[in-house]
Amino acid sequence: MLNKNIYLNEKVFEKERKLIASRDGFGEGLVLAGEKDERVVALCADVTESVRMHLFKNRFPQRFVELGIAEQNMAAVASGLAATGKIPVMGTYAVFSPGRNWEQIRTTICYNKQKVIIIGSHSGLNVGADGGSHQALEDIALTRVLPHLAVVMPADALEARKAILEAIHYSSSVYIRLTRTKSPLLTTEKSPFQIGKSQVFWLPKEGEQFSGITIFVSGYLVFKALEAAKELEEEGINIAVINNSAIKPLDEKLILEWAKKSKMIITLEEHQKAGGMGSAIAEFLSAHHPLPIKFMGVNDKFGESGEADELIKKYGLDEEAIKKAVKECLK
Amino acid sequence: MVLTDEEIKKLAVEVRKEIIEMLLEAKSGHCAGPLGAVEIYLTLYFGGILQYDSHRPLWEDRDRVVVSNGHYAPLLYAVLAHAGYFPLEELKTLRKLGSRLQGHPHRLSLPGIETSSGPVGEGLSQAIGMALGLKMSKKKQQVYCLMGDGEQDCGNTWEAAMLAGKYQLDNLTAVIDRNSIQIDGFTKNVMPLEPLKAKYESFGWKVLEVDGHNISELKQAFQAAKSIFVRPVLIIAHTIPGKGVDFMQWEYRWHGRVPNSQEAEQALRELRTIKGKIEAE
Chain V
1 MLNKNIYLNE
11 KVFEKERKLI
21 ASRDGFGEGL
31 VLAGEKDERV
41 VALCADVTES
51 VRMHLFKNRF
61 PQRFVELGIA
71 EQNMAAVASG
81 LAATGKIPVM
91 GTYAVFSPGR
101 NWEQIRTTIC
111 YNKQKVIIIG
121 SHSGLNVGAD
131 GGSHQALEDI
141 ALTRVLPHLA
151 VVMPADALEA
161 RKAILEAIHY
171 SSSVYIRLTR
181 TKSPLLTTEK
191 SPFQIGKSQV
201 FWLPKEGEQF
211 SGITIFVSGY
221 LVFKALEAAK
231 ELEEEGINIA
241 VINNSAIKPL
251 DEKLILEWAK
261 KSKMIITLEE
271 HQKAGGMGSA
281 IAEFLSAHHP
291 LPIKFMGVND
301 KFGESGEADE
311 LIKKYGLDEE
321 AIKKAVKECL
331 K
Chain Z
332 MVLTDEEIKK
342 LAVEVRKEII
352 EMLLEAKSGH
362 CAGPLGAVEI
372 YLTLYFGGIL
382 QYDSHRPLWE
392 DRDRVVVSNG
402 HYAPLLYAVL
412 AHAGYFPLEE
422 LKTLRKLGSR
432 LQGHPHRLSL
442 PGIETSSGPV
452 GEGLSQAIGM
462 ALGLKMSKKK
472 QQVYCLMGDG
482 EQDCGNTWEA
492 AMLAGKYQLD
502 NLTAVIDRNS
512 IQIDGFTKNV
522 MPLEPLKAKY
532 ESFGWKVLEV
542 DGHNISELKQ
552 AFQAAKSIFV
562 RPVLIIAHTI
572 PGKGVDFMQW
582 EYRWHGRVPN
592 SQEAEQALRE
602 LRTIKGKIEA
612 E
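Listed in order, the protein sequences are those of chains V and Z.
Heads up: the first sequence begins at 1 in the working numbering, then just goes up one per residue.
Heads up: the second sequence begins at 332 in the working numbering, then just goes up one per residue.
Bear in mind the hints are in silico, worked out from the structure with no lab data behind them.
Predicted model only: the values in this text are computed from it and were never measured.
C-beta atoms are modelled at their ideal positions from N, C-alpha and C, and glycine is treated no differently.
A portion of the hints provided could be inaccurate.
[Claimed, not checked] Distance condition first, Cα-Cα at most 25 Å in a straight line; then the derived DSS-like pairs of lysine-lysine:
#, chain 1, residue 1, chain 2, residue 2
1, Z, LYS470, V, LYS36
2, Z, LYS497, V, LYS57
3, V, LYS36, Z, LYS469
4, V, LYS260, V, LYS273
[Claimed, not checked] Looking from chain V toward chain Z, a few residues come up when the C-beta cut is under 10 Å (computed):
#, residue
5, GLN62
6, LEU67
7, THR107
[To be verified] Away from chain Z, derived, C-beta distances all over 12 Å, residues of chain V:
#, residue
8, GLU38
9, GLY68
10, GLU71
11, GLN72
12, ALA78
13, TYR111
14, LYS190
15, GLU208
16, GLY275
17, LEU330
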């Protein structure tokens with residue numbers, strides 16, 4: 001059942017549920033951040049409307065820098081803006097940032113310790129028809145290896161809005177991983193969200209036996225894991241689902257707590273298995289509480305064109321694949 | 332601190348000696364580039380151009396200097412020491428474990444360094460970010476970006492050049508130390524850059540060309556950049572790599588090679604002779 005303690009959206013499974021992309025939540029949040037703090041400035045590389053930064057641009061045109069298709073420039077310019085006391089938020093598709101400008105992020109932002117908020121939108125397979133060249137499946141690996149850079153992936157538009165508002169005041173640079181495709185709102189205004197803290201979204205029903213299987217999932221796939229959990233519960237299999245939004249730092253306390261309660265865990269992400277969120281969790285658990293882990297992610301392949309949910313199904317990350325994985329774990 | 336042209340010339344000889352001594356002690360580092368750019372740096376810091384206060388390195392009304400070609404660290408460190416940011420004795424710790432004088436400058440290791448550098452091609456972007464940030468805050472300070480000519484190969488440099496042109500940043504002055512060398516050889520053989528002036532002009536910059544060893548020409552160019560032009564200004568300063576040491580001049584192999592004790596002794600002897608000549612004039 002949905003975790004009642006964190007005020008999740010009770011209507012999440014209804015047919016008329018609102019669908020909204022995390023990038024939309026970010027766009028709204030950025031305007032709020034700009035209103036709260038005049039030091040907030042934004043930079044974009046020719047994809048302003050796609051990453052929903054046009055809202056900030058229209059509201060604060062003097063605080064918006066359009067650089068054209070120049071992501072390396074964008075990262076280093078952001079660093080320079082930070083040097084003069086601004087709080088820069090730079091955004092484009094994740095394949096281009098941190099993809100193309102990884103070294104500029106490394107040197108001018110991380111090594112230099114200048115605070116910049118980096119938005120990697122259009123992450124994962126759900127980018128859809130644009131195809132593999134535009135589907136970032138490596139950006140978690142690229143960002144989590146950089147010191148002084150936190151990594152967070154909101155599960156819905158509301159978490160994305162909270163993420164940008166918190167990132168503005170967070171003590172280091174932050175990478176926020178967003179998606180293009182609309183998905184249900186899982187949370188409400190009252191639901192807690194913090195960089196570095198993950199939340200249990202689905203618990204075994206009261207009075208029912210916990211199967212010992214916990215899924216750690218991030219982003220667009222969280223609601224798919226919840227749908228799978230609901231169907232499994234109807235079959236009498238009670239799992240836990242954790243929205244692992246805190247990719248770096250990991251919410252080690254929560255992960256350890258649930259690893260200790262579990263027989264086996266599943267990690268689930270729209271990212272290469274290599275170096276992703278699951279890999280980060282495995283690194284931590286193998287040192288502190290080794291237990292069997294089933295990794296669900298992309299198996300060392302690139303993406304391709306298709307509809308978001310078609311691709312997620314083809315690459316074995318949809319509700320059916322999740323249920324199957326749980327049942328395999330139980331054997 | 333403001334010095335006369337004569338005083339700057341004498342200081343230039345001191346700084347060249349310090350560069351040689353630093354590199355000899357460190358046993359690694361970059362030689363020819365720093366030796367060639369001494370007049371550029373000294374004119375900026377001591378010719379009444381740069382507004383700074385070495386006792387208040389973070390003075391909010393200071394001008395900013397971005398050293399994009401961070402391997403010029405020996406020169407930067409010598410200049411900062413003479414400017415009063417830290418003691419001259421510390422120069423001999425260059426590149427050693429625990430030293431504040433890192434092989435390539437780190438922003439947080441030493442006062443007077445505005446940004447970390449080393450990987451070339453990204454300084455101009457940072458300088459533009461600073462210039463934009465200052466303008467957004469309605470501040471009048473200037474930003475100087477010191478670059479090498481090798482980094483004109485980098486795409487990132489041209490992304491930055493275009494952006495400066497777009498915003499017509501009149502608080503930005505870039506300097507290219509045009510010494511015509513890079514690691515693999517002369518720039519004209521590795522990656523020809525000419526017509527360099529025309530390239531930047533086509534991107535919306537005002538370009539001035541000077542003899543990079545002529546303090547008076549450098550001063551005039553810096554002053555014009557600050558006060559006359561309402562667009563970003565590039566000063567192409569033509570220099571001799573390894574300037575001051577006869578056997579190092581125009582030898583691109585001295586880009587990243589450091590003198591051994593015999594070579595250093597010979598270099599220092601030459602520099603003492605030059606100094607003697609200047610003092611005699």
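Hints, verified against the model:
Distance check on the hinted pair: LYS470 of chain Z and LYS36 of chain V sit about 22 Å apart at the alpha-carbon level, within 25 Å; holds. A C-alpha spacing of about 17 Å is found between LYS497 of chain Z and LYS57 of chain V, which places the hinted pair at or below 25 Å, so the restraint holds. At most 25 Å may separate the alpha-carbon atoms for a hinted pair to count; LYS36 of chain V and LYS469 of chain Z meet this at roughly 20 Å. Note on LYS260 of chain V and LYS273 of chain V: the hinted pairing holds, with a Cα-Cα distance of about 23 Å set against a maximum of 25 Å.
Annotation: interface hint on GLN62 of chain V holds; nearest CB of chain Z at approximately 7 Å, less than 10 Å. Taking 10 Å as the C-beta cut-off, the interface hint given for LEU67 of chain V holds, the closest approach to chain Z being about 6 Å. For THR107 of chain V, the interface hint holds, the least distance from its beta-carbon to any beta-carbon of chain Z being 5 Å, beneath 10 Å. Its closest Cβ contact with chain Z, about 10 Å, brings GLU38 of chain V to no more than 12 Å, contrary to its assignment away from the interface.
Once the 12 Å rule is applied to beta carbons, GLY68 of chain V is inconsistent with being away from chain Z; the minimum gap is 7 Å. With a least CB separation of 9 Å from chain Z, GLU71 of chain V falls inside the 12 Å interface cut-off, contrary to its annotation. The beta carbon of GLN72 of chain V is not kept farther than 12 Å from every beta carbon of chain Z, the shortest such distance being approximately 4 Å. Listed as outside the interface, ALA78 of chain V is inconsistent with that label: its C-beta sits roughly 6 Å from the nearest C-beta of chain Z, within the 12 Å cut-off.
The beta carbon of TYR111 of chain V is not kept farther than 12 Å from every beta carbon of chain Z, the shortest such distance being approximately 6 Å. In this structure LYS190 of chain V is separated from chain Z by more than 12 Å, as the shortest Cβ-Cβ distance comes to about 36 Å. No beta-carbon of chain Z comes within 12 Å of the beta-carbon of GLU208 of chain V; the shortest separation is about 54 Å. The beta carbon of GLY275 of chain V is kept farther than 12 Å from every beta carbon of chain Z, the shortest such distance being approximately 23 Å.
Once the 12 Å rule is applied to beta carbons, LEU330 of chain V is consistent with being away from chain Z; the minimum gap is 51 Å.
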